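What follows is each chain in one-letter form.
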Amino acid sequence: METQQAHHNRQVLDNPRTQHRNGRNESRPGLAARRAGTQRAVKGAPWHSSETKNGDKDRVTNFLGWFSIGLGLAEVLAPEAVARLIGVDEERNRRLLRAYGMRELAAGVGILARPKPTYWMWNRVIGDTVDIASMGKAMQAYDTDPAKLRMAMLAVAGITVLDIASSVRLTSEKSPAAGHDPGSFQLEDPEHGMSVLKATVTVNRPVEHVYAFWKDPRNYAEFMDQLESVHPTTGGRSRWKIKSPPGMTVEWDAEVVADTPHEMIRWRSTEESSIENTGTVRFRRAPGDRGTIVTFEAEYKPRAGALGAAIGKILAAIPKTQLQNDLRRFKQLIEVGEVLKSDATAVPALMHPAQPSAPRDMEATR
Amino acid sequence: MKATTWEGPKHVEVTHVPEPEILNSHDAILKVSSTAICGSDLHLFNGFMPTMEHGDILGHEFMGEVVETGREVKKIKVGDRVVVPFPIACGQCWSCRQDMWSLCENSNPNAWMQEKMLGHHGSGVFGYSHLLGGFAGGQAEYVRVPFADVGPLKVPEGLSDEQVLFLSDILPTGYMGAEMCDIAPGDTIAVWGCGPVGQFAIASAKMLGAERVIAIDRFPYRLRIARERAGADVTINYEETSVMEALNELTGGVGPDGCIDAVGMESHAPGIEGLYDKAKQSMRWENDRAAALRHAIMSCRNGRTVSVIGVYSGFIDKFPMGSLMNRSLTIKSGQCHVHRYMKPLLERILNGDIDPSFVITHRMKLDDAPVGYDIFNHKGDDCLKVVLKA
Chain A
1 METQQAHHNR
11 QVLDNPRTQH
21 RNGRNESRPG
31 LAARRAGTQR
41 AVKGAPWHSS
51 ETKNGDKDRV
61 TNFLGWFSIG
71 LGLAEVLAPE
81 AVARLIGVDE
91 ERNRRLLRAY
101 GMRELAAGVG
111 ILARPKPTYW
121 MWNRVIGDTV
131 DIASMGKAMQ
141 AYDTDPAKLR
151 MAMLAVAGIT
161 VLDIASSVRL
171 TSEKSPAAGH
181 DPGSFQLEDP
191 EHGMSVLKAT
201 VTVNRPVEHV
211 YAFWKDPRNY
221 AEFMDQLESV
231 HPTTGGRSRW
241 KIKSPPGMTV
251 EWDAEVVADT
261 PHEMIRWRST
271 EESSIENTGT
281 VRFRRAPGDR
291 GTIVTFEAEY
301 KPRAGALGAA
311 IGKILAAIPK
321 TQLQNDLRRF
331 KQLIEVGEVL
341 KSDATAVPAL
351 MHPAQPSAPR
361 DMEATR
Chain B
1 MKATTWEGPK
11 HVEVTHVPEP
21 EILNSHDAIL
31 KVSSTAICGS
41 DLHLFNGFMP
51 TMEHGDILGH
61 EFMGEVVETG
71 REVKKIKVGD
81 RVVVPFPIAC
91 GQCWSCRQDM
101 WSLCENSNPN
111 AWMQEKMLGH
121 HGSGVFGYSH
131 LLGGFAGGQA
141 EYVRVPFADV
151 GPLKVPEGLS
161 DEQVLFLSDI
171 LPTGYMGAEM
181 CDIAPGDTIA
191 VWGCGPVGQF
201 AIASAKMLGA
211 ERVIAIDRFP
221 YRLRIARERA
231 GADVTINYEE
241 TSVMEALNEL
251 TGGVGPDGCI
261 DAVGMESHAP
271 GIEGLYDKAK
281 QSMRWENDRA
291 AALRHAIMSC
301 RNGRTVSVIG
311 VYSGFIDKFP
321 MGSLMNRSLT
331 IKSGQCHVHR
341 YMKPLLERIL
351 NGDIDPSFVI
361 THRMKLDDAP
371 VGYDIFNHKG
381 DDCLKVVLKA
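One line per chain: the protein sequences are A and B, in this order.
Counted the way this note's numbering counts, the first sequence spans residues 1 to 366.
Counted the way this note's numbering counts, the second sequence spans residues 1 to 390.
Keep in mind that the hints were calculated from the coordinates and are not lab data.
On a predicted model such as this, the values are computed, not experimentally measured, just so you know.
Errors might be hidden in some of the hints.
[Unchecked claim] In the DSSO-like style, the derived pairs of lysine-lysine whose C-alpha atoms are separated by at most 30 Å in a straight line are: (1) Lys116/A with Lys137/A; (2) Lys341/A with Lys318/B; (3) Lys215/A with Lys137/A; (4) Lys343/B with Lys389/B; (5) Lys318/B with Lys241/A; (6) Lys301/A with Lys243/A; (7) Lys116/B with Lys278/B; (8) Lys341/A with Lys343/B; (9) Lys31/B with Lys75/B; (10) Lys318/B with Lys2/B; (11) Lys154/B with Lys31/B; (12) Lys154/B with Lys198/A; (13) Lys341/A with Lys116/B; (14) Lys2/B with Lys341/A; (15) Lys341/A with Lys379/B; (16) Lys341/A with Lys389/B; (17) Lys320/A with Lys243/A; (18) Lys332/B with Lys77/B; (19) Lys301/A with Lys241/A; (20) Lys74/B with Lys318/B; (21) Lys389/B with Lys332/B; (22) Lys343/B with Lys301/A; (23) Lys215/A with Lys116/A; (24) Lys278/B with Lys341/A; (25) Lys379/B with Lys318/B; (26) Lys75/B with Lys10/B; (27) Lys198/A with Lys243/A; (28) Lys31/B with Lys243/A; (29) Lys332/B with Lys278/B; (30) Lys75/B with Lys2/B; (31) Lys332/B with Lys318/B; (32) Lys343/B with Lys332/B; (33) Lys198/A with Lys116/B; (34) Lys75/B with Lys341/A; (35) Lys320/A with Lys116/B; (36) Lys10/B with Lys278/B; (37) Lys365/B with Lys116/B; (38) Lys278/B with Lys343/B; (39) Lys116/B with Lys10/B; (40) Lys301/A with Lys320/A.
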């Protein structure tokens with residue numbers, strides 16, 4: 001009989017993507033597929049490969065599983081012996097010990113059978129708490145041997161530490177199936193030390209039109225809320241100034257480091273800037289002639305020093321929602337020609353009801 | 001100027017506020033001649049719509065005279081008499097170009113709020129919470145109308161305010177509700193709720209060729225108007241009769257071919273179901289009470305359509321998904337794409353197919369708006385529709 005594991009292994013070997021990744025086959029996936037005799041089921045469908053890793057449990061967890069079974073068997077089959085061992089009354093505790101034994105058995109089987117026994121490990125932690133509480137109560141009984149029971153409690157406490165450690169580790173681990181499907185879409189994790197913000201919007205205009213708009217950095221301050229102004233200087237450089245608390249001017253120079261017409265523009269702060277900042281905007285045609293998909297990515301890392309740290313704080317406060325709102329305003333500029341105001345949003349600094357503002361409030365915004 | 005403002009649950013006032021100004025180049029300012037209180041305004045009035053602020057001007061059904069235009073406004077001019085659709089739409093985005101105006105991608109400055117609650121956002125709406133943009137409404141002396149070349153419809157000479165005012169919302173909404181049922185000859189359509197929108201859904205179902213229309217409500221005066229004015233063939237008072245059994249008997253056991261929910265989030269139900277929903281809603285364990293929707297789904301004929309034009313805000317409880325799935329039902333829904341229907345329905349008014357003014361029961365001055373809200377909310381004095389005049 002073919003075990004599931006063997007079947008799984010063969011699938012992995014047959015999978016051209018896996019071979020490709022393992023470096024055993026550097027040829028194109030299509031060729032490998034033909035050689036392996038597999039074909040896509042749907043014409044035009046992209047390649048998918050999936051593998052699930054049978055979570056290799058660490059030794060501690062495995063030990064705890066077997067420990068549960070051992071203890072459970074003892075408690076179920078020989079509760080009297082267990083009672084004598086831990087120094088409590090045999091008669092009165094038989095049924096309780098049997099019940100605890102059943103619980104241990106269930107946890108043990110769960111831990112050994114499940115690929116990722118997070119639930120059953122926490123179950124053990126709860127069981128430990130119950131055990132310690134029960135023993136604490138038994139300590140007050142007249143016929144208890146306190147020395148033996150103290151030893152038993154110490155032993156349970158030790159096991160509890162292991163149980164908690166293992167449970168916490170399992171909880172923080174991603175499930176073994178997650179992150180192992182190279183064909184599925186995943187959001188990127190930010191690189192170490194860099195904060196990455198990403199937002200995307202679809203605008204109902206051709207890519208040429210949209211690219212031309214982004215080509216002129218003076219447009220940026222019209223829709224990016226955090227920007228005071230962007231002015232082109234010389235040699236493809238521009239001066240960026242952000243809105244900052246009164247008395248503080250934060251500005252830096254940026255240069256365009258990559259520019260592929262109708263595809264992407266990337267700029268980066270210059271060496272001497274107080275901030276390390278990269279912005280990338282990408283353009284691609286939306287499927288079905290539905291305009292242009294614009295993806296904007298901002299990465300920044302404060303440079304050392306007090307100023308750098310202060311700037312970092314301002315920029316770190318920009319949530320993803322705000323970046324998305326920036327792109328929404330950009331979309332309005334492109335599609336409608338201006339950013340729409342409502343009565344409540346016309347005066348940005350105030351919580352304003354949906355009614356016209358007093359003329360003096362409006363003056364303040366002009 | 002004077003305006004009707006929301007001052008907390010069950011509390012509206014007519015207060016003095018600054019007059020509107022042109023804020024965007026596509027704006028127009030209207031001097032409001034007539035405005036109406038909508039059934040959906042009662043959701044705001046009763047405090048069931050999140051993100052209302054003290055001082056928000058209410059009203060999304062209004063018409064009036066253009067008194068000022070922004071520099072980009074080309075089609076309408078000062079002096080024009082216009083009726084304004086309640087969704088604000090830019091006319092440029094993909095959704096507007098697809099004729100789905102209430103899904104405009106550019107008209108809600110608070111789109112991010114709606115995205116958090118609904119996943120994606122729809123258009124802005126006049127006087128309907130900050131979630132829908134924070135726009136001042138039209139129950140006021142003046143109102144600012146964004147995208148003035150896109151929404152407002154010029155009213156032909158010779159038509160009264162009362163004949164065209166409801167092109168702003170409830171007539172197109174009722175019509176869309178009927179249209180979504182894909183009515184074929186011989187069809188029976190059931191309409192839950194005989195408020196103004198329900199009345200227009202009934203009338204529209206008839207206009208679109210329904211063989212028989214069944215109207216459901218609990219107020220005898222509303223059921224009477226449904227029969228006598230809107231054209232319903234049969235009415236059911238759900239407090240007297242089991243709706244499901246009555247519909248089965250009326251349709252030979254198969255159920256209506258189209259079921260229209262013209263009730264929305266404050267649905268009433270007799271007995272335990274109604275109590276359950278009221279309790280959960282008051283604890284904020286569900287946003288919306290959905291008894292009518294449940295009944296519409298359960299009653300609908302296999303393979304046909306449930307059309308939802310009543311307003312819902314968030315999450316509902318005990319949704320009969322099994323009934324929907326196993327019986328191949330389709331749910332169609334949406335805030336009305338009013339722009340799509342204004343001209344065709346104006347034609348129908350001009351032809352004499354329908355005179356929407358039949359729903360009006362109360363005419364008041366703007367100053368009396370609080371009284372209007374109160375009467376409408378309590379269905380007192382056989383109130384069906386309140387129109388406020390300048």
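Do the hints match the structure? See the list:
| no. | hint | in the structure |
| --- | --- | --- |
| 1 | Lys116/A with Lys137/A | 34 Å, violated |
| 2 | Lys341/A with Lys318/B | 39 Å, violated |
| 3 | Lys215/A with Lys137/A | 76 Å, violated |
| 4 | Lys343/B with Lys389/B | 24 Å, holds |
| 5 | Lys318/B with Lys241/A | 53 Å, violated |
| 6 | Lys301/A with Lys243/A | 18 Å, holds |
| 7 | Lys116/B with Lys278/B | 25 Å, holds |
| 8 | Lys341/A with Lys343/B | 28 Å, holds |
| 9 | Lys31/B with Lys75/B | 18 Å, holds |
| 10 | Lys318/B with Lys2/B | 43 Å, violated |
| 11 | Lys154/B with Lys31/B | 14 Å, holds |
| 12 | Lys154/B with Lys198/A | 44 Å, violated |
| 13 | Lys341/A with Lys116/B | 20 Å, holds |
| 14 | Lys2/B with Lys341/A | 22 Å, holds |
| 15 | Lys341/A with Lys379/B | 36 Å, violated |
| 16 | Lys341/A with Lys389/B | 28 Å, holds |
| 17 | Lys320/A with Lys243/A | 18 Å, holds |
| 18 | Lys332/B with Lys77/B | 37 Å, violated |
| 19 | Lys301/A with Lys241/A | 16 Å, holds |
| 20 | Lys74/B with Lys318/B | 50 Å, violated |
| 21 | Lys389/B with Lys332/B | 35 Å, violated |
| 22 | Lys343/B with Lys301/A | 56 Å, violated |
| 23 | Lys215/A with Lys116/A | 51 Å, violated |
| 24 | Lys278/B with Lys341/A | 37 Å, violated |
| 25 | Lys379/B with Lys318/B | 28 Å, holds |
| 26 | Lys75/B with Lys10/B | 40 Å, violated |
| 27 | Lys198/A with Lys243/A | 20 Å, holds |
| 28 | Lys31/B with Lys243/A | 39 Å, violated |
| 29 | Lys332/B with Lys278/B | 26 Å, holds |
| 30 | Lys75/B with Lys2/B | 28 Å, holds |
| 31 | Lys332/B with Lys318/B | 19 Å, holds |
| 32 | Lys343/B with Lys332/B | 23 Å, holds |
| 33 | Lys198/A with Lys116/B | 17 Å, holds |
| 34 | Lys75/B with Lys341/A | 21 Å, holds |
| 35 | Lys320/A with Lys116/B | 12 Å, holds |
| 36 | Lys10/B with Lys278/B | 17 Å, holds |
| 37 | Lys365/B with Lys116/B | 39 Å, violated |
| 38 | Lys278/B with Lys343/B | 40 Å, violated |
| 39 | Lys116/B with Lys10/B | 27 Å, holds |
| 40 | Lys301/A with Lys320/A | 16 Å, holds |
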